[in-house]
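Next come the chains, spelled out residue by residue.
Protein chains: 2
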Amino acid sequence: MIDLAPFEGKRILITGGLGFIGSNIAHALAGRCAELTLVDSLIPQYGGNLFNISGIEDHVQVNIADVRDESSMDYLVRGKDYIFNMAGQVSHLDSMSDPYVDLEINCRSQLSILEACKKNNPGVKIVYAGTRGQYGRAEHLPVSEDTPQRPTDVNGINKMAGEWYHIVYNNVHGIRACSLRLTNTYGPRHHMRTSRQGVLSWFIRIAIDGGTIRLFGGGEQQRDFDYVDDVVEALLLAAASDEANGQVFNVGSGRPTSLKEAAELAVEIAGAGGVEIADFPADKRKIEIGNYYADCASIKRVLGWEARTPLREGIQKTVEFFRANRLRYWDDE
Amino acid sequence: MIDLAPFEGKRILITGGLGFIGSNIAHALAGRCAELTLVDSLIPQYGGNLFNISGIEDHVQVNIADVRDESSMDYLVRGKDYIFNMAGQVSHLDSMSDPYVDLEINCRSQLSILEACKKNNPGVKIVYAGTRGQYGRAEHLPVSEDTPQRPTDVNGINKMAGEWYHIVYNNVHGIRACSLRLTNTYGPRHHMRTSRQGVLSWFIRIAIDGGTIRLFGGGEQQRDFDYVDDVVEALLLAAASDEANGQVFNVGSGRPTSLKEAAELAVEIAGAGGVEIADFPADKRKIEIGNYYADCASIKRVLGWEARTPLREGIQKTVEFFRANRLRYWDDE
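If you're matching them up, the sequences are chains X and S in order.
The numbering of the first sequence is this note's numbering, which starts it at 1 and goes up by one.
The numbering of the second sequence is this note's numbering, which starts it at 1 and goes up by one.
Treat the hints loosely; a few may be bogus.
Given that identical chains are not distinguished, each listed pair holds provided it fits within a single copy or across any two copies.
Straight line, CA to CA, 30 angstroms or less: simulated BS3-like cross-link-like pairs of lysine-lysine [what the hints assert, rightly or not]: (1) K10 to K284; (2) K118 to K284; (3) K284 to K119; (4) K300 to K10; (5) K317 to K118; (6) K317 to K119; (7) K300 to K119.
Please keep in mind that the hints were generated in silico from the structure rather than gathered at the bench.
Build the full structure now, drawing on both the sequences and the hints.
Quick look at the structure:
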């Protein structure tokens, strides 16, 4: 694990703190900082889950609030040393059917969090969770941070805007901020109730349940799967380093994996389930981004980070976690 | 003038239709189409001015409404063949002091116009006014459309999002749309009451009034000045061509001009005023984008457009227009 000394005695806020990545940051920091506040709206179809803080309940303060609630955010940012700004609407399909909700959460709320910091806590450091969806379809691989952003859906557009608010507030107002463009993160504490939030975790759920994973278009699409512990390390390193301020970094394994390969590995490791090839549904095809894997040279150079967990090991840990806890994630449905 | 046949008998909506560019489009189309509706909110500090339609009053329908008013826009887009979507908050400084207004106008309203078209008029063609502010500081010149967008202020971010909503609605929902990234447009019917809306027109106002043009940082910053009639031609060509759908085009003279050169030309042609070098105010320096001029090869190749009006001729026409009409633009202050 990386050095947590920069967070000792510090006050930390995590938006989306009961969600997948937010709660994994909380597990990494629990007991190491002076104050660890998790803001989450617990909107049912989103990623928040109170079980995600099982085992660290005594080290965190849970504050149920929506990042769209400006006055609450205005208060909650005060006195914090670091904000991990992970709250977001993440579904690509939902962003197309209800673009306003996506705009409110991924654009407007980002602006209000930054305005709250500007007014009440200009010395804070903010780390934002960007996404590979900002790039849209890759013209050449791997995708570096210099690649023009050409999002293919409203979610990608709003995440792009949300990221750039952070960079502009860093550059113009001196609110230290940076963005990590995450790719397909998977691992313990992921939202498992719908297929909307992460393809590999969804494969793992199906495999554990002994079901059939249906792959669209042959399953040859390449993705860049990142185990959540590695992503948390990247976020912590970015928070601790002033070299990161105003910067945008790709975070990925740097290694392409086909959906088919990932699905077959999930089935093999779970020792259950199967894989089947199917046709593309029309709504998914239209916003499908094609192959993607990230060029992560920049974050390695500036922050010394690179992914450490092999895919097989990450899937093993994920299968173990969800086998032990499926009741908390989907089996009560 | 370009071929207006594609607009004969058509029904056209111009958002921001009483503003600078919108009203110049209206002058080009007046009497040539079946219906020409201008939507404008006439917010005092923005660009709308009823005098901008002087001479074409009988050919246009003026509808006072704010693009933020979703139900009005929902109605107004119906039955139109073309929408020139020019309404926007254009001040970079205002976007930093009140980012929410900029977001409402430049992001959310764009989404609601597109949603209205999706619901009520999916066959329409929309032309959006993007801006060179989306690029931020140029890393190399001239700037082509492939250059990564790195906006330096909230306005640039929101315009970038507004543009991409159009492209995504074109690609996913089949609402034909394209964006022209405009640079420093100047000419008759510009808003002249503040310096916030266009540097060269502001220079021209000062020169006409016999005042002193103050240039920051030596006045060596390069800009790409485009006469409004040329810009209107580009917008009309983009509307008429299905080759433009889903595309983003730079629109510019392709020729850099320093602020000093432009200011001196304004003074020379007006036969009045003077030029003075001054220090950069802090708020302007922080969002100053540095030198800019556009690579316009793409719009020339696809639409056959290039700027035709030499700077001297454009400034002459602008000086003549505002000398004749200064009472309507600023002299009643």
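Outcome of the hint check:
1. In the homo-oligomer, the alpha carbons of K10 and K284 never lie at most 30 angstroms apart, since the shortest distance is 43 angstroms inside one protomer and 35 angstroms across protomers.
2. Taking CA atoms no more than 30 angstroms apart as the test, K118 paired with K284 passes between copies only; the shortest distance there is 18 angstroms, against 39 angstroms inside one copy.
3. Taking the shortest alpha-carbon separations for K284 and K119, only the inter-copy value of 20 angstroms comes in at or below 30 angstroms, while the best intra-copy value is 41 angstroms.
4. For the identical chains of this complex, K300 and K10 are intra-copy neighbours only, at 26 angstroms inside a copy versus 57 angstroms across copies, given an alpha-carbon limit of 30 angstroms.
5. In this assembly of identical chains, the alpha carbons of K317 and K118 never lie at most 30 angstroms apart, being 40 angstroms within a copy and 45 angstroms across copies at closest.
6. Taking CA atoms no more than 30 angstroms apart as the test, K317 paired with K119 passes in neither setting, with 42 angstroms inside one copy and 46 angstroms between copies.
7. Proximity of K300 to K119 under the C-alpha cut-off of 30 angstroms is found in neither arrangement, the shortest distances being 33 angstroms within a copy and 47 angstroms between copies.
Hint check: violations occur at hints 1, 5, 6, 7; the rest are consistent with the structure.
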